[in-house]
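> The residues making up each chain are set out below.
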Amino acid sequence: MMKQTQDNTTHFGYKTVDAQEKVGMVAEVFHSVAAKYDIMNDLMSMGIHRLWKRQTIASSGVRKGHKILDLAGGTGDLTSKFSQITGETGQVILGDINDSMLKVGREKLRDQGRVGNIEYVQLNAEALPFPDNSFDIITIAFGLRNVTDKDKALASMFRVLKPGGRLLVLEFSKPDNELLTKVYDFYSFNILPKIGSVVTNDSESYQYLAESIRMHPDQETLKGMMEQVGFEQTSYQNLTGGIVALHRGFKY
Amino acid sequence: MLPQLIIALIESVLNQAIKLSPQLHTDLSTIKHKKLQLSIKDWQLDFILLYTGEKFIILTTDEKLADCIICASIDTLLELKDPAKITKLIREGKLDLEGDIQLAQTYSSALSKIEIDWPEQLSNYLGDGMSHRVTQGIKSLHTQQQKLVEKLKSTTKHTLQDELKIAMHPIELTIFKNDNRQLTSDLELLEHRINILMQSVN
Chain X
-18 MMKQTQDNTT
-8 HFGYKTVDAQ
2 EKVGMVAEVF
12 HSVAAKYDIM
22 NDLMSMGIHR
32 LWKRQTIASS
42 GVRKGHKILD
52 LAGGTGDLTS
62 KFSQITGETG
72 QVILGDINDS
82 MLKVGREKLR
92 DQGRVGNIEY
102 VQLNAEALPF
112 PDNSFDIITI
122 AFGLRNVTDK
132 DKALASMFRV
142 LKPGGRLLVL
152 EFSKPDNELL
162 TKVYDFYSFN
172 ILPKIGSVVT
182 NDSESYQYLA
192 ESIRMHPDQE
202 TLKGMMEQVG
212 FEQTSYQNLT
222 GGIVALHRGF
232 KY
Chain C
3 MLPQLIIALI
13 ESVLNQAIKL
23 SPQLHTDLST
33 IKHKKLQLSI
43 KDWQLDFILL
53 YTGEKFIILT
63 TDEKLADCII
73 CASIDTLLEL
83 KDPAKITKLI
93 REGKLDLEGD
103 IQLAQTYSSA
113 LSKIEIDWPE
123 QLSNYLGDGM
133 SHRVTQGIKS
143 LHTQQQKLVE
153 KLKSTTKHTL
163 QDELKIAMHP
173 IELTIFKNDN
183 RQLTSDLELL
193 EHRINILMQS
203 VN
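In order, the protein sequence lines correspond to chains X and C.
For what it's worth, the numbering used here labels the leading residue of the first sequence as -18, then goes sequentially.
For what it's worth, the numbering used here labels the leading residue of the second sequence as 3, then goes sequentially.
Isolated chain X, as found in the complex:
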């Protein structure tokens, strides 16, 4: 589990680093990949990330007028769909700690004509700058793994969620099959960094991606962490054999 230790250190991939340092190191990774983030997602997942995101939206129960916080929203795939569904009376806030990712996301959404009900906020998930009980839905897709103190972030999400609201965490997880694990490990540590090297000229960021996935809590641990901060009716759904898991929890 990637938790801060007593001596205030944490994991950055397989490395143990000072908790304060991790924020900057993760920021570097995303500054480096922001421009080609979407194309890399399509290449790395062979387009399947679009289906994982569809499943997230399908599980969100989103409807017209909802107020949604898309944390670590990056290039805005979820925000785009949410903004269409919630309509003019709803609001979607795309939040990300990384300004390069926010800029790419804002540009992309504006090019798509998605304006009016979307706001962009640079924020730290551990200390969300919103009043209590503000959102109907909070999503964090492929972002929780990069947060330094996940418990603090989950507690912060719980605080800003309205009673009756739900949190959806889409994140890499642990495959449920031995053979798939071996194939997936080979792909992650041998092929992924090479794709990164060719497309973004940066293999280290994708080495970090593979390592950070392995250090991320497995399905049951993350479910327990959500319950620990107060979420109820928590459940998860394995997608693509558990390579990715979608966790869902409600605040009552």
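To be clear, the hints were calculated from the coordinates, so they are not data collected in a lab.
Because the structure is a prediction, the values reported are computed rather than measured.
Backbone N, C-alpha and C define an ideal beta-carbon position, used for all residues, glycine too.
Be careful, since some hints might not be right.
Computed Cβ-Cβ distance ranges for the label pairs, DEER-style [stated by the list, open to error]: (1) 97/X <-> 104/C: 25 to 35 Å; (2) 55/C <-> 84/X: 24 to 34 Å; (3) 97/X <-> 64/C: 26 to 36 Å; (4) 168/X <-> 90/C: 50 to 60 Å.
Based on these hints, arrange chain C on the given structure of chain X.
Relative to the frame of chain X, chain C by itself:
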């Protein structure tokens, strides 16, 4: 993930249809952002259809959170192309509907009226002349195909009727059986008379 993939494909087909048949925007304007949930009995699959004012969004769901929920088999859903049939199907118990019936009727009516101007769409890629030729060619193929189907139907019908003429009709069989019984009875009578005559001779 397979349902997500299938639904993504259906969504993209519907969105292509809305691009090619702009009348749909007017027909659906009153139900913007309203959710229609279709629960398909045969597939045990629920999904939500939503028109945003620009495009369709289709999502799978495991909840009952829509403005109108329709539960039916695929065959029944296909019958919904005719909006007038909705109440008839409900009365026949083939379709369960909860919520706003007008939403279902609007979708049904709008989707059944999709009209795509294919020559106009094709001309963007092939030019006017070629587009005209292609559409005429397709129309002619379609007419020929219809003629062929009609001819096949007629041939099959005649073959079956001819076969009926060759086979014995049930009335003919009854007459034959009656004649046979009469003959057997006449024979028995004759045999009886012969026996009497033989006895008198002896």
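> All the hints need checking, so say for each whether the structure fits it.
The hints, checked one at a time:
1. Residue 97/X and residue 104/C have their C-beta atoms about 28 Å apart, which keeps the hinted 25 to 35 Å range intact.
2. Hint check: residue 55/C to residue 84/X, Cβ distance near 28 Å, so the stated range 24 to 34 Å holds.
3. Range check, residue 97/X to residue 64/C: Cβ separation about 30 Å, and the 26 to 36 Å hint holds.
4. Separation of residue 168/X from residue 90/C is about 55 Å and conforms to the stated range, judged on CB atoms against 50 to 60 Å.
When the structure is compared with the earlier hints, no violation turns up for any of them.
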